[in-house]
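Chains as they are written, first to last, in this note's numbering: chain U, 268 to 507; chain B, 439 to 599.
Derived by calculation from the structure, the hints in this document are not laboratory data.
Watch out, some of these pointers could steer you wrong.
Claimed, not checked - No more than 25 Å apart at the CA atoms, straight line, and that leaves these computed lysine-lysine pairs for DSS-like: (1) B/LYS559 with B/LYS578; (2) B/LYS578 with B/LYS594; (3) U/LYS316 with B/LYS483; (4) B/LYS587 with U/LYS349; (5) B/LYS481 with B/LYS495; (6) B/LYS587 with B/LYS597; (7) B/LYS472 with U/LYS349; (8) U/LYS316 with B/LYS472; (9) B/LYS522 with B/LYS563; (10) U/LYS316 with B/LYS481.
Claimed, not checked - Using C-beta positions, here's what the derived DEER-type ranges look like: (11) U/LEU348 with B/LEU442: 32 to 40 Å; (12) U/VAL469 with B/ALA474: 46 to 54 Å; (13) B/ASP485 with U/LEU348: 15 to 23 Å; (14) U/GLU346 with B/VAL455: 24 to 32 Å; (15) B/ARG496 with U/ARG413: 27 to 35 Å; (16) U/LEU486 with B/VAL455: 20 to 28 Å; (17) U/VAL469 with B/LEU442: 45 to 53 Å; (18) U/TRP417 with B/SER445: 38 to 46 Å; (19) U/ALA324 with B/SER445: 39 to 47 Å; (20) U/PHE436 with B/ARG496: 33 to 41 Å; (21) B/VAL455 with U/GLY467: 40 to 48 Å; (22) U/LEU392 with B/ALA474: 47 to 55 Å.
All C-beta atoms, glycine included, are put in the ideal place defined by N, C-alpha and C.
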Amino acid sequence: MSNPLEQFEIKPIIPIEVGGVDISFTNSSLFMVLAVVVSTLVLGVCLRKRTMVPNAAQSVPEGLYEFVTNLLRENIGAEGLKYFPFIFTMFLFIAFGNVLGLFPYAFTFTSHLTAVGSLSIIALLLNVVVGIRQKKLGWLRTFLPRGIPWPMAPLIIPIEMISFLSKPFSLTVRLVANMTVGHIMLKIIAGFIVSLGIFGIVPLLFDGIIICFEIFISLLQAFIYTVLSCIYLGDAIHEH
Amino acid sequence: MPQLDFSVFPSQLFWLVVCFFAMLFIMSRFIIPKTAEMINLRKAKIDGDLEKAAEIKRRVEQTLEKYNQALQEANERAAVTLQKTRDELNETILRRQTELSARLAAEIETGEKKIDAARDKAMQKVEDASADLAIEVLQKLGFVGINSKDAAVTLKKLKKD
């Protein structure tokens with residue numbers, strides 16, 4: 268039986284090095300590009316014939332649009348709609364990354380701390396930029412909420428800083444852990460299909476059920492990641 | 439565990455930034471405007487239709503109100519006309535009844551007068567016949583010379599008594 272962690276190995280496809288930094292185009296990069304291309308193609312095809320009364324295909328992007336709009340309205344408010352493209356892209360990028368990774372021989376870039384962590388860092392930077400633009404120096408209040416006595420500051424500020432920095436970390440770990448575990452489980456059970464011979468039908472059926480479950484988990488995790496990002500963005504916009 | 443291999447971090451970060459921002463650009467420029475355009479158009483159409491429906495409803499209500507008002511006025515006018523006609527009819531009936539009563543009374547009176555006259559005439563004839571009979575009886579008894587005039591006077595006297 269092959270190593271179930273083998274599927275997560277990053278292999279360079281086109282080695283690139285700029286200024287001593289390795290930025291090779293890897294299998295992970297390929298699936299990132301595929302997530303962009305496939306999502307654009309799917310939505311583009313769905314939007315090809317637009318009618319006043321939406322057809323089934325047109326309902327997909329429109330449903331996603333309404334879904335993200337409601338997400339922003341509920342978690343941030345009307346002012347959150349300014350960040351609609353960012354949140355919409357984030358949801359699709361993760362959802363397509365998760366779902367594409369379920370195909371045989373595919374690579375799940377959302378199961379990598381470095382990839383998801385990079386996305387979480389981008390989201391964190393957006394929160395910081397939005398917070399500073401919105402509240403100016405008042406943004407620093409994030410680390411010392413109003414009503415806290417000054418003598419408590421040395422204790423509260425580090426706690427709040429850890430809390431602030433742990434947001435992208437928790438986002439990343441949640442998604443990565445879910446994707447990794449699901450794929451390991453699939454791989455282990457798939458390993459039994461051949462080794463059990465005729466009885467391999469049992470793990471095959473089991474794998475089929477798990478794949479259905481994993482599709483659900485992929486979309487759910489994309490949803491959770493997006494909702495939490497919205498909540499953190501809302502915290503950056505509104506008073507603590 | 440390949441997930442903990444941080445040597446690939448620069449490559450992952452670079453390609454993620456490239457792919458994510460490329461996708462953000464594509465979504466912002468093409469997909470989102472196309473989707474939003476149709477949703478907004480539909481929303482505008484629905485709002486317009488709702489507004490039009492509300493306007494039509496308002497007009498219908500106005501028309502209905504006018505109709506009800508006209509109906510009420512017509513009913514009131516009809517009631518007045520009905521009452522007037524009823525009064526006129528009652529008046530005509532009363533007048534005709536009075537006229538008929540008067541005519542009937544006059545006819546009854548004329549009839550009674552005619553009956554009286556006929557009765558008087560008949561009585562006169564009876565009296566004359568009685569007188570002639572009396573004369574004839576008296577003549578048969580042998581009283582000659584009694585004429586009808588005397589007989590009539592005598593009968594009148596007897597009648598008075």
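Quick rundown of the hints versus the structure:
1. B/LYS559 with B/LYS578: This hinted pair is violated, its Cα atoms lying about 28 Å apart.
2. B/LYS578 with B/LYS594: Measuring from Cα to Cα gives roughly 22 Å; hence the hint holds.
3. U/LYS316 with B/LYS483: holds (19 Å)
4. B/LYS587 with U/LYS349: Judged against 25 Å, a Cα distance of about 146 Å means the pair is violated.
5. B/LYS481 with B/LYS495: holds (20 Å)
6. B/LYS587 with B/LYS597: holds (15 Å)
7. B/LYS472 with U/LYS349: holds (17 Å)
8. U/LYS316 with B/LYS472: Given pair U/LYS316, B/LYS472 holds - Cα atoms ~11 Å apart, limit 25 Å.
9. B/LYS522 with B/LYS563: Measuring from Cα to Cα gives roughly 60 Å; hence the hint is violated.
10. U/LYS316 with B/LYS481: holds (18 Å)
11. U/LEU348 with B/LEU442: 32 to 40 Å: holds (38 Å)
12. U/VAL469 with B/ALA474: 46 to 54 Å: holds (49 Å)
13. B/ASP485 with U/LEU348: 15 to 23 Å: With a Cβ separation near 18 Å, B/ASP485 and U/LEU348 satisfy 15 to 23 Å, so the hint holds.
14. U/GLU346 with B/VAL455: 24 to 32 Å: holds (26 Å)
15. B/ARG496 with U/ARG413: 27 to 35 Å: At roughly 51 Å between Cβ atoms, U/ARG413 and B/ARG496 fall outside 27 to 35 Å, so the hint is violated.
16. U/LEU486 with B/VAL455: 20 to 28 Å: Holds: the Cβ-Cβ distance is about 24 Å, inside 20 to 28 Å.
17. U/VAL469 with B/LEU442: 45 to 53 Å: Between U/VAL469 and B/LEU442, where Cβ atoms are some 33 Å apart, the hint is violated.
18. U/TRP417 with B/SER445: 38 to 46 Å: holds (45 Å)
19. U/ALA324 with B/SER445: 39 to 47 Å: Given about 43 Å between the Cβ atoms, the range holds.
20. U/PHE436 with B/ARG496: 33 to 41 Å: For U/PHE436 and B/ARG496 the Cβ distance comes to about 59 Å; the hint is violated.
21. B/VAL455 with U/GLY467: 40 to 48 Å: holds (43 Å)
22. U/LEU392 with B/ALA474: 47 to 55 Å: At roughly 26 Å between Cβ atoms, B/ALA474 and U/LEU392 fall outside 47 to 55 Å, so the hint is violated.
Hint compliance for this structure: hints 1, 4, 9, 15, 17, 20, 22 are broken, all remaining hints hold.
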